[in-house]
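Participant: The chain contents come next:
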Amino acid sequence: MTTKATINRLATGVPGLDEVLGGGLPEFSFNLIAGQPGCGKTTLAHQIMFALATTQRPAIYFTVLGEPPLKMLRYQQQFDYFEAEAINRSVRFVSLSDDAMSGDLDRVLKRIVEEVTAHNPGLVFVDSFRSVAFASENGGSPRTSLQLFVQQLGMLMTSWQATTFLVGEYFNETDANPVFTVADGLIWLRQSVQRNSMVRKMEIMKMRGQSTLPGLHTFRIDNAGIRVFAPAQVVAAGSAAPDAAAHGARALLGVPALDDMLGGGLPRGYSLLVAGPSGSGKSILAASFLAEGARRGETGVVAAFEQHPNRSRNPVLVDLIARGQVGLIDSREPDLSIDEIVLLILTEVRRLKASRVVLDSLSGFELALAPTFRTDFRESLLGLVTALARAGVSVLMTSELEDRYTDLRFSPYGAAFLTDAIIVQRYIEVDSRLLRVMAVVKVRASAHSNELRLYSIGDEGIRMGQMLPEQEGLLGGRPTRKLPPASSAPTDVA
Amino acid sequence: MPLKSQDGRRWRAPLGGRIPDGAHAGQVADAVAAIWREIDQALHPIIGHRGVAALYQRSLSLSAAAYPWLAMEQRGIPAAVDPAALHAALVQQTGAEAAAGGNALFHSFHQLLASLVGTSLTERLLRSVWDHSPGAAPAQDTSP
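Note that the protein sequences, when read in sequence, are chains B and V. For what it's worth, the numbering used here labels the leading residue of the first sequence as 635, then goes sequentially. For what it's worth, the numbering used here labels the leading residue of the second sequence as 274, then goes sequentially.
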């Protein structure tokens, strides 16, 4: 019978960080928070400290030669997590600047040992560690003394059962810095600038003893502090799928003839792409989808990525939002990432226990993304659709499509293959009138109509009309009357 | 001489409880020096000796507008608070003038720190010093 050491994982109190770390921060680990100036290292350290520090597990924050402590206190207290009452109770700030100025690392280490021994902290922060290294260089000590210093500090802190963070500026991550070898965890913060947009990214380059989520994770800093956006799929995995039995196997769109064409509504959990030119009624269909849900006691979420906040919305939708049956995600944050959007949507879905989601529209969505993500828009879209599918909601996405009468297109993003169902809307010219036609192009694993039918938009919304069997060439936009009127009954295909 | 406090909130002159009414300048100077040492004791672990010394110098400079005898010769940033020169300046005043100047100096310092880190954190950091003051007994170490 073996008894392995149990590694407790601490919840960092930074939203999304525990997921990215692979389940929290290992207790008694020796971690490095690295990155360039202004990327949020000190903020991350403070947020973790205020979340974890208690009178039973006090924290010591050593400031070395970086930011003057007075300034740090001045700016850090602007964040919501900062608790003035915790200071000198569960959180202790210790300035090592006088010792560090001497350039003698032994003296700095001695002070740290004294403080740690005297106060028995469960959490230790050293900020900024880079300045310790500079101090040692100025003092003329060889680089090995820094390695020795880190080695000793790491050993001391682990034995002293303190979870430790070294905060430091490192410009070059390929630098074979001895600190990187000693550290159990390496959290690298970055700012990625492209054109006029800036996106903050975090990478867990190392975390001993647990599998972290690889890659760059976007995060944002606001008054509440840091929020990390874990990958969409991970966020969605925690969602409970809406109860299909309670709502029926199909989600009706609220346009009876169209629901018939779909084979009885949209199968639950499917994503539906509504593609059509400007003014064809995509948003009206989307509103009808949510209104039909509300009529049946379901809740929904609409993510609107419009560029005109004051443009009047569909009155049906406005009413649903006002009554709280539909949640509105109307993010005007600049430079969104796909993971942030997914988190926004899923948070709202969970809050309302929603079963229907509308994304209106993909073009607006693309513009809302930071430029750095636009090059991977298809991947981002796939991530979004997959995450929503995992959450079990039925999704309706609209996509603006320039009418091209030479071919049948569904989406400028090649999004068609990502979705389970497609409805396409077109304008056609008949008898000097601009008419609209609609067809169900695809419903995965389900029978659906192949009719191309006229429809009109009135005060009550979309009304389906007849087929135009006597016309041909509808998809070319300028149909011609067929000479021998040969009518045949429409057939359903699987 | 009553001190006009600009924000008034929770501020009370720390000299109040530490010197008897009509105290002579020597008593005032001892109490002021003792309080500065307590302030240094409370703050230097957090912001360093040099950090406290810089605030001390700034407070002297601000208070010198109303009490010109508080203007001390400044020689760069000192490594730590040294109230000896202040003590020497205080004993040359009358008791009342010394007490008024001393209180003005602490008030400037309090305002300065509050402007930098906010009133709530300032109260938190200086609680041990101010709490010490209402007691009638002067600070234990009165030697300059």
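Just so you know, these hints were derived from the structure itself, not from any lab. Check before you lean on any hint, since a few could be wrong.
[Said to hold, decoys possible] Lysine to aspartate or glutamate pairs mimicking DMTMM-like chemistry, simulated, CA-CA at most 25 Å apart:
| hint | chain 1 | residue 1 | chain 2 | residue 2 |
| --- | --- | --- | --- | --- |
| 1 | B | Lys835 | B | Glu803 |
| 2 | B | Lys705 | V | Glu370 |
| 3 | B | Lys705 | V | Asp355 |
| 4 | B | Lys744 | B | Glu717 |
Participant: None of the hints should be skipped; say for each whether it holds.
Facilitator: Hints versus structure:
no.: 1; hint: B/Lys835 <-> B/Glu803; in the structure: 15 Å, holds
no.: 2; hint: B/Lys705 <-> V/Glu370; in the structure: 34 Å, violated
no.: 3; hint: B/Lys705 <-> V/Asp355; in the structure: 23 Å, holds
no.: 4; hint: B/Lys744 <-> B/Glu717; in the structure: 29 Å, violated
Comparing the model with each earlier hint shows violations of hints 2, 4; every other hint is respected.
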